[in-house]
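*Asks:* The lines below spell out each chain.
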Amino acid sequence: MSFVWLRTWQLGVKSLLLHPLRSALTVLGIFIGVASVIWLLAIGEGISRKAQEQIESLGADNIIIRSIKPPSEVTEAVTGVVPYGVTRDDFERISQTIPTVKKAIPIRELRRRFGFYGRLVDGRLVGCTPEYAEIMRLEVDRGHFITDADLAGNKNHCVLAFEVAAKLFPYEDPIGRAVHVEESYYVVVGVMKSRNPTAGIGGSLAAQDFSSDVYVPVSTLWKRIGDQIFTRRSGSYESEILELSQVTVRVDDVKNVMATSDLIRETLSRSHRLDDFAIVVPLELLEQARTTRLMFILFMGLIAAISLIVGGIGIMNIMLATVTERTREIGIRRALGAKRRDIVRQFLVETVVLSVVGGMTGILGGLTCGPVFSVVRNSLESFMPEVMEQLPDIMRAVTPVTVPWSIPLAFGISVTIGVVFGIYPAQRAATMDPIEALRHE
Amino acid sequence: MKLAACVRNVVKQYELDGETVRALRGVSLEVPEGDYVAIMGTSGSGKSTLLNLLGCLDRPSSGTIFLGEEDVSKVNDDRLSEIRASRIGFVFQSYNLIQQLTVLENIEVPLFYQGRVTAKDRERCRELAMMVGLEKRLGHRPTQLSGGQQQRVAIARSLVNDPFFILADEPTGNLDSATTEEILQLLQSLNNQGKTIIMVTHEPDVGCRTKRIVRLRDGLICSDERLTGKNVTAADVAAMLMQVE
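One line per chain: the protein sequences are U and P, in this order.
By our numbering, the letter at position 289 of the first sequence is numbered 354, and the numbering carries on one by one without gaps.
By our numbering, the letter at position 134 of the second sequence is numbered 267, and the numbering carries on one by one without gaps.
If you are wondering where the hints come from, they were derived from the structure by calculation, not from laboratory data.
It should be emphasised that the depicted structure is a prediction, and the values quoted were computed from it without experimental measurement.
Be aware that one or more of the hints could be misleading.
[As the list claims (entries may be wrong)] Mimicking SDA-like on lysine to any residue, the simulated pairs with C-alpha atoms at most 25 Å apart in a straight line are:
no.	chain 1	residue 1	chain 2	residue 2
1	U	K404	P	R212
2	U	K79	P	L237
3	U	K404	P	S227
4	U	K79	P	G272
5	U	K79	P	R212
6	U	K79	P	T251
7	P	K253	U	V441
8	U	K115	U	V441
Whenever a hint applies, use it, and build me the whole structure from the sequences.
*Replies:* Here is the structure:
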């Protein structure tokens, strides 16, 4: 039996090599299908990993409570400035009363202009605690981050983001110098390393760009700037009272995250009549991202499946033509003693050879996904930067990750395609009347 | 004497555009081993149908056909294939070699469909190629050979399975007279070695080289003459054919 199979394989290859161009084009159909399966899965995986990474960088055991400015229709009805957002009382309540809360960090952010000897930088003044660096995954470049002593002593110390330091102090060492913010001065005690911005997630959490940050102890900020902020806008003043922009809560265990977030929501809603806060749970987003990824893979899979079916139809088409063209050969073989199943086997082997060669080369093509992707992206960046800018963030940052199971999958699919689309032509060849076939010119 | 083939009351009819065509209307024929028979007749006389039945490419509508000990008139398609692979040697007018195979591989094909090609078999293929004078062209493809050489390969192929008989369908129809002579001499020598040959032809000068002429007309055998011992020329055969018309 094995002898017959071996010879049939040899024969199949030989017959296919009689028409090299035709066979190559047929293989190309499967090649594209298989390579696209691997590519699409790799890009899908890359995108979802990126999203997951970004969410995880927020911390799966974190809960983020953001203050939201209520819509003006709500506040206009009241005269005077309406305080909104998360308060220090809220912060105390959350950190003291909820047992699953391991740590809570108050954060207050403002837009400010920073100056040093005439050099000015617009940026974000962040009042925070020493834990902020750890939770946001910021690393110190020089000096140190804000310390507990700074916080306890309301020290006028600040830490600069790398980019801010580079702009304000192009020639000097910033450590020990005083940066001017509005009417106060802050002594620089540290510079952070550059950090990639986090992507925004849905509508609930804006993208965070850390490159223009200046960090100060939150207690200092409360003391020196206070809760009320005036903003000058086209000739009129606008004022708002906001105690905390954000509270980041770290929960003791990931499995308690959902319960804790419900508890926080309940605690806060008791004292907040206005809808002025939002709770972002990265874990929840993580779950969402998994669903999105599944949808994405399904969708990509659908596209790939279509291209594979097209490839399969190509095989079937060429095999039907081949069967007609080789009617005479079929007649000869039948006359010399080939059974119907011998003929079926012969043609099926040819389609399987075509599709397997397509599958193998397709896998090789699929593995080039990463390098090709980065080459294309780099050349786009250097030749058409304006096009690149219009692409969404995630497309610019994504690196395709080849999914290991996509390789056996692609191979299996290509063999299946060969068999499925080969059966009909092979059957047709086998059921020919040998006498008619021999007479065929 | 043992019979290589025995045909009894064979009728073959088939439907064509709603009409029943009776290609053979009750043919009986015995071919003893070692015989050399020419089946002659005009087109439409049923000679091709008879050849297809003898070659196990088709089954009769009624009647029996024995090849050796086996009645092949009612066996299934797979068994017919097995018989073709193991006991029948075909030689066709247009050689019918497989283009993508070499000379040696072409000779092997019937053995391949029997499911085995041993080193001994391969040696036998080589010997057969040598016998038909193609030992120097074993690795050539059919397109690299002349018509006469291709027909020699076909004859070698027909012998490889040690058949009941060689079934030759106008074996010289595509060849010039010199090559025809070569092929006829080859067939003659095979018959001298005891091989049974059944040949369909319409050429009198080919028919006269056999031992026996069976003439078909309208699906019936109209004459069956032995030529052995007589000195028959092509003209005689032509006259015989004319007489029947």
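*Asks:* Next step is simple, just say for each hint if it's right about the structure.
*Replies:* Going down the list of hints, with the structure as the test:
1. U:K404 - P:R212: 9 Å, holds
2. U:K79 - P:L237: The given pair, whose Cα atoms are some 15 Å apart, holds under the 25 Å limit.
3. U:K404 - P:S227: 22 Å, holds
4. U:K79 - P:G272: Distance ~14 Å between K79 (chain U) and G272 (chain P) Cα, so the pair holds.
5. U:K79 - P:R212: Measuring from Cα to Cα gives roughly 29 Å; hence the hint is violated.
6. U:K79 - P:T251: Between K79 (chain U) and T251 (chain P) the Cα gap is close to 22 Å, so the pair holds against 25 Å.
7. P:K253 - U:V441: 60 Å, violated
8. U:K115 - U:V441: 19 Å, holds
The structure fails hints 5, 7 (numbered hints given earlier, in ascending order).
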